[in-house]
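Asks: This is what each chain is made of:
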Amino acid sequence: MAIIELKNVSYKYPLTDSPALKNINLQVNEGEFVALIGPNGAGKSTLCYTIAGFVPHFFKGEISGTVEVAGSESSKSNLHEWVLNVGLAFQNPFNQISGAKYTVFEELAFGLENIGVPRDEMIQRVNDAMKLTGISDLADRSPYSLSGGQQQRVALTSILVMQPKVLVLDEPTSQMDPIGTREVFGVIRAMAERGMTVLMAEHKVEWIANFADRVVALHDGEILLEGTPQDVLTSDLLVEKAFGISRYTSVARKAKELGLWKGNRLPVTLEEAMDGFAR
Amino acid sequence: MNSFSMYVARDSGLHKLHPLTKGLLTLLLLVSGLTLPGNWTGYFLVLLVITPLAVWGKVFRSFLRIVWGISLPFILSVVIIQSLFWGSGTPIFEYWIFAPKVEGALFAVISVGRIILVMAGFILFAMTTRPDTLMISLKQVGVPSSLAYIIVTTLQIIPRFQSKASTILDAQRSRGLETDGNVFVRARAVVPIILPLVLGSLVEVEERAIAIEARGFNSNKKETSLIEIPDSNAQVFFRKFFVLLMVLSILARIAWQLLN
Amino acid sequence: MRIEIRDLNFTYPTGVEALRGISLTIESGEQVAIVGQNGAGKTTLVKHLNGLLQPTSGTVHVGDWNTKEHSVAKMARRVGYVFQNPDEQLFSKNVGTEVAFGPRNLGMSAEQAERQIKDALTMAELSDKTETNPYDLSPTWRKMVALASVIAMDTNIVIFDEPTTGQDAASSARIANVIKVLRERGKTVITITHDIDFCAENFERVIAMSQGQILLDGKANDVLGQDEILATTYVDPPQLTRLGKKLGFKQTVRNEEEFLGELKK
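Residue numbers (our numbering), protein chains in the order written: chain A, 1 to 279; chain B, 280 to 539; chain C, 540 to 804.
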């Protein structure tokens with residue numbers, strides 16, 4: 001059952017000549033984890049904003065085609081209603097802190113205050129969300145005193161607490177150090193395992209290979225490839241178009257040419273690489 | 280504590296006052312300082328009203344440090360400008376392009392008093408008022424959410440700007456920009472520091488607008504609040520009284536101008 | 540131009556002891572990567588090289604200059620520093636002017652500045668964007684502008700602070716290429732990076748820091764093979780190094796060439 005459906009979506013930002021998205025057709029089923037890859041400028045962020053409604057409601061510009069999430073159509077909705085269905089988090093955790101709240105607990109309640117949730121329910125939902133993402137120990141800290149990884153986890157939790165139907169993440173670990181990356185992926189994984197539908201733009205190919213159900217490769221505003229992580233991430237097409245690929249894949253490809261790769265298919269993860277070389 | 284807000288948590292009577300009470304008191308001090316006659320009103324209000332309040336609020340030492348740090352550049356520019364540009368009058372001394380006059384110096388002193396009053400008032404307010412409780416209380420009296428949000432986050436912006444400006448300064452110095460030296464050297468350094476600060480902030484502001492929108496900021500539902508702010512009948516009375524005093528002192532000033 | 544650091548200690552005004560007894564020599568033309576968890580002191584160390592920070596005790600010499608005796612602006616003649624966030628640097632109306640800022644500050648002659656700027660723009664693949672306003676470019680390209688504006692200063696030593704954060708593969712390759720050209724020109728390149736694969740593929744010497752001290756300092760192959768010690772400062776080994784270990788290679792490998800070399804044996 002498709003919970004996100006884009007049909008023939010094209011979009012041009014205001015005051016630009018070339019479209020950022022060209023004829024995108026995409027379906028995401030409930031509970032699926034879809035990874036979005038592509039070079040910078042390919043349209044990953046634009047696609048994320050489109051599903052989240054900010055294109056075109058916030059950014060204006062020209063859009064054609066239909067964007068549907070959980071039965072509602074973006075063009076027929078108001079942004080303030082749409083955001084309740086689609087949660088959005090992006091790269092820079094610092095800019096996702098409201099700046100109006102003094103503790104993490106209150107920061108998490110910010111969204112619920114805005115939509116008029118009664119106080120008792122607010123407290124319950126915030127506690128539950130913190131437990132789910134493992135940040136209960138940060139409740140009394142000031143959001144600005146946290147590390148990048150902690151801030152990003154707070155940002156994710158503050159979206160989760162709104163109970164969206166779908167989660168859109170635009171490169172959530174791009175600016176994290178290794179510890180932060182691990183923490184953030186941990187939270188995302190926990191949410192995915194609970195059945196949340198996730199669309200995530202990401203460069204870290206190895207992680208995608210382990211957790212994504214499907215990978216969509218975007219290039220120059222169009223969908224270049226779509227399929228399982230195995231199929232997409234080892235495709236020669238990615239090399240042709242200068243995508244970043246896993247070093248395991250790249251070295252195995254070269255080893256294959258030298259007759260030193262013994263696996264059936266090219267690897268994406270460490271385990272697959274070990275397997276293929278060790279035989 | 281939170282190094283990006285001027286708020287300093289203390290267990291003091293001043294902290295426990297309702298945000299609007301403190302806000303209106305600050306405005307009252309400002310208005311009185313600017314409308315009441317006398318050259319030294321600014322200084323009086325700072326010494327006799329604001330300073331005791333700072334002591335009550337248990338923030339006196341940091342308050343002093345911050346007020347001095349922020350006022351100093353303004354004070355220096357006022358003094359310099361008055362020395363350079365005051366027209367006719369009784370000269371104090373003459374050196375190169377600097378020819379301060381008694382009248383100019385007096386004007387500078389009055390202005391400095393007002394500058395310190397404004398700075399001290401707002402800084403004490405920011406130091407003893409939680410931005411979020413201020414925002415809630417503003418919304419409760421009908422201030423639109425977006426305006427309340429802007430006011431509150433602006434209070435947090437000053438320390439944030441300082442930290443950013445410092446990084447920008449480092450980056451530009453590393454590109455050979457001289458910052459130590461005479462006035463002209465320092466003047467040349469202003470644009471390479473201010474522009475990235477402003478331009479970079481615009482990028483941040485857009486992202487933050489998206490982030491709060493994503494958390495229902497523009498929802499048309501009636502808002503609720505996590506925190507309940509303590510208030511009292513006495514404070515309600517005083518707030519009305521402060522507004523009355525402000526109006527009266529403005530009227531008195533207008534009347535005085537008309538009669539003279 | 541050699542960098543000589545002797546017994547460097549640095550404590551921040553807040554009381555945090557960020558560097559403890561660091562002694563280090565970097566010879567002219569070396570390519571050094573500094574890795575380690577956030578808070579280890581990497582940026583603090585590197586900020587001493589151009590005088591942004593002054594030692595609490597100990598000395599830092601860049602060539603014959605003691606950093607205590609020269610302003611940061613003066614040190615900029617020998618040490619270029621590319622900061623992590625380009626938005627904390629860019630302010631000119633177009634890319635060309637922005638890249639000219641550094642050379643102009645250093646008082647280069649018009650012809651020399653012209654040459655340097657052109658060269659830097661070519662290296663950063665910005666030659667076709669000189670009239671564009673930096674803020675009209677994507678964050679990826681803004682980073683290249685910031686990089687070009689430091690390269691144009693033609694300093695003997697160039698420091699990169701997290702050059703590949705947020706960049707895609709093509710951009711990382713571009714930056715790797717810039718580093719290669721700098722190496723060929725005999726420049727000393729020092730980088731702070733969390734991207735351990737980028738580090739492994741482009742730097743011959745790796746210094747791992749933790750809690751204000753140097754844990755490991757040596758040839759990349761040696762340092763990157765020491766999993767356990769690296770793990771204490773939250774550094775994962777590069778992908779190919781890990782794979783090589785699992786496959787039982789005798790030598791530690793750090794790039795495709797070395798990996799395939801070992802595989803053939």
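Since the hints were made in silico from the structure, they are not lab data. All of these numbers come straight from a predicted model, not from anything done at the bench. Don't take every hint at face value.
Taking lysine-lysine pairs in the BS3-like style, the calculated list, with each CA pair at most 27 Å apart, reads [stated by the list, open to error]:
#, chain 1, residue 1, chain 2, residue 2
1, A, Lys262, C, Lys657
2, C, Lys784, A, Lys204
3, C, Lys586, A, Lys22
4, C, Lys668, C, Lys607
5, C, Lys607, C, Lys632
6, C, Lys804, A, Lys241
7, B, Lys295, B, Lys443
8, A, Lys22, A, Lys7
9, C, Lys607, A, Lys256
10, A, Lys7, A, Lys256
11, A, Lys204, C, Lys785
12, C, Lys789, C, Lys586
13, C, Lys785, C, Lys804
14, A, Lys241, C, Lys758
15, B, Lys443, C, Lys613
16, A, Lys241, A, Lys22
17, C, Lys586, A, Lys254
18, A, Lys241, A, Lys12
19, A, Lys262, C, Lys785
20, C, Lys607, C, Lys586
21, B, Lys443, C, Lys632
22, C, Lys613, A, Lys254
23, A, Lys12, C, Lys632
24, C, Lys613, C, Lys657
25, C, Lys789, C, Lys804
26, C, Lys789, C, Lys803
27, C, Lys803, A, Lys254
Asks: Each hint needs a verdict: does it hold in this structure or not?
Replies: Do the hints match the structure? See the list:
For a cut-off of 27 Å, the pair hint linking A/Lys262 to C/Lys657 is broken: about 48 Å separates their Cα positions. Using a Cα cut-off of 27 Å, the hinted pair C/Lys784 and A/Lys204 holds, with the two alpha carbons roughly 22 Å apart. Our distance criterion of 27 Å between C-alpha atoms is broken by C/Lys586 and A/Lys22, whose separation comes to about 46 Å. Taking the CA atoms of C/Lys668 and C/Lys607, the gap is near 39 Å; set against the 27 Å cutoff, the hint is violated.
The hinted pair formed by C/Lys607 and C/Lys632 fails the criterion: a straight-line CA distance of about 35 Å is larger than 27 Å. Between C/Lys804 and A/Lys241, the direct Cα distance comes to roughly 33 Å. Violation of the 27 Å bound is thereby established for this hinted pair. The hinted pair formed by B/Lys295 and B/Lys443 fails the criterion: a straight-line CA distance of about 32 Å is larger than 27 Å. Between the alpha carbons of A/Lys22 and A/Lys7 the distance comes to roughly 11 Å, so the proposed pair stays at or under 27 Å and holds.
A threshold of 27 Å between alpha carbons decides the hint, and for C/Lys607 with A/Lys256 the separation of about 56 Å lies outside it, so the pair is violated. This hinted pair does not check out: A/Lys7 and A/Lys256 have alpha carbons roughly 39 Å apart, beyond 27 Å. For a cut-off of 27 Å, the pair hint linking A/Lys204 to C/Lys785 stands: about 21 Å separates their Cα positions. With a C-alpha separation of about 38 Å, the suggested pair C/Lys789 and C/Lys586 falls outside the 27 Å cut-off, and the hint is violated.
Distance check on the hinted pair: C/Lys785 and C/Lys804 sit about 16 Å apart at the alpha-carbon level, within 27 Å; holds. The suggested pairing of A/Lys241 with C/Lys758 is violated, with an alpha-carbon distance near 34 Å, which exceeds 27 Å. Taking the CA atoms of B/Lys443 and C/Lys613, the gap is about 23 Å. The hint holds against a cut of 27 Å. At roughly 17 Å between alpha-carbon atoms, A/Lys241 and A/Lys22 fall within 27 Å of each other, so this suggested pair holds.
With a CA separation close to 41 Å, the supplied pair C/Lys586 and A/Lys254 exceeds the 27 Å bound. Our distance criterion of 27 Å between C-alpha atoms is met by A/Lys241 and A/Lys12, whose separation comes to about 23 Å. As the CA atoms of A/Lys262 and C/Lys785 are separated by approximately 16 Å, the hinted pair is consistent with the 27 Å bound. Pair hint C/Lys607 plus C/Lys586 holds up; C-alpha atoms about 13 Å apart against a cutoff of 27 Å.
Taking the CA atoms of B/Lys443 and C/Lys632, the gap is about 21 Å. The hint holds against a cut of 27 Å. Among the hinted pairs, C/Lys613 with A/Lys254 is inconsistent with the structure: their alpha-carbon atoms are about 48 Å apart, more than 27 Å. Under the criterion of a C-alpha separation no larger than 27 Å, the hint pairing A/Lys12 with C/Lys632 is consistent with the structure, at around 25 Å. Taken as a hint, the C/Lys613 and C/Lys657 pair is honoured in the structure, with Cα atoms around 23 Å apart against an allowance of 27 Å.
Annotation: proposed proximity of C/Lys789 to C/Lys804 holds, straight-line Cα distance about 10 Å (limit 27 Å). Restraint check for C/Lys789 and C/Lys803: the C-alpha separation of about 12 Å stays at or below 27 Å, so the hint holds. Distance hint between C/Lys803 and A/Lys254 is fulfilled; the C-alpha atoms sit about 12 Å from each other, no more than 27 Å.
Violated hints, in rising order: 1, 3, 4, 5, 6, 7, 9, 10, 12, 14, 17 and 22; the structure is consistent with all others.
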